[in-house]
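Peer 1: Work out the full structure: start from the sequences and follow the hints.
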Amino acid sequence: MFPRVLYLSLILGSLITSALAAALSYATWSMAVFQFRCQAPRIVESYSEDWKEWRVSSICAPGTCCASSAATGPLCTAEACEKADQERERKLQSYNVAQASKKAADEARKERERKSKSAETETKWKVSDSQAEADRQKALAKINLSA
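Residue numbers (mature numbering (1 follows the signal peptide of the UniProt record, and there is no 0)): -21 to -1, 1 to 126.
It is possible that part of the hints are untrue.
[As the list claims (entries may be wrong)] Derived DSS-like pairs (lysine-lysine); straight-line CA-CA distance at most 25 Å:
(1) K70 to K31
(2) K70 to K81
(3) K103 to K89
(4) K31 to K81
(5) K81 to K96
(6) K82 to K94
(7) K94 to K81
(8) K105 to K117
(9) K70 to K82
(10) K103 to K117
(11) K82 to K96
(12) K105 to K94
[Claimed, not checked] FRET-style restraints, in silico, Cβ to Cβ:
(13) S95 to V12: 38 to 44 Å
(14) A113 to S80: 47 to 53 Å
(15) E92 to E68: 34 to 40 Å
By construction, these hints were calculated from the structure, which means they are not laboratory data.
The beta carbon of each residue, even a glycine, is placed where N, CA and C say it ideally should be.
Peer 2: Next comes the structure, spelled out in structure tokens:
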């Protein structure tokens, strides 16, 4: 009798533990390359392979459900959505800074290439001009010797 009660309590305990673990875990779902999850203070976070970290999602809006399409999760709060707006603004600023830096680097590279090409062309012309001048001097010397 005692072993049967022990086995029954172990089975019941594992079932309760797994049910509680499933209930306490945050809901996650995916759309395209993004994964979404619901965090404790009712904040939707998103994850992408590009970021390699969880960030406040831009889909957060008052009343947005923090769950799968079953719509069983908690709702986003105004504070969470304000934080999401701030995160979007921060991302936009960092994107703009990165783009400006990339544009400046591209312009500097193009300027270096242009200067390099003009210097190379100038060197070729100098060699060509000096060769033409030497040929002219030889021709003048021949004319002066024959005269």
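Peer 1: Run every hint past the structure and note whether it holds.
Peer 2: Going down the list of hints, with the structure as the test:
1. K70 to K31: holds (15 Å)
2. K70 to K81: holds (16 Å)
3. K103 to K89: Distance of about 21 Å is within 25 Å: holds.
4. K31 to K81: holds (22 Å)
5. K81 to K96: This hinted pair holds, its Cα atoms lying about 22 Å apart.
6. K82 to K94: Distance ~18 Å between K82 and K94 Cα, so the pair holds.
7. K94 to K81: holds (20 Å)
8. K105 to K117: holds (18 Å)
9. K70 to K82: It holds: about 18 Å lies between the C-alpha atoms, which stays within 25 Å.
10. K103 to K117: holds (21 Å)
11. K82 to K96: holds (21 Å)
12. K105 to K94: holds (16 Å)
13. S95 to V12: 38 to 44 Å: Holds: the Cβ-Cβ distance is about 41 Å, inside 38 to 44 Å.
14. A113 to S80: 47 to 53 Å: Hint holds: Cβ distance 49 Å, inside 47 to 53 Å.
15. E92 to E68: 34 to 40 Å: For E68 against E92, whose Cβ atoms are near 36 Å apart, the range 34 to 40 Å holds.
Hint violations for this structure: none, all hints satisfied.
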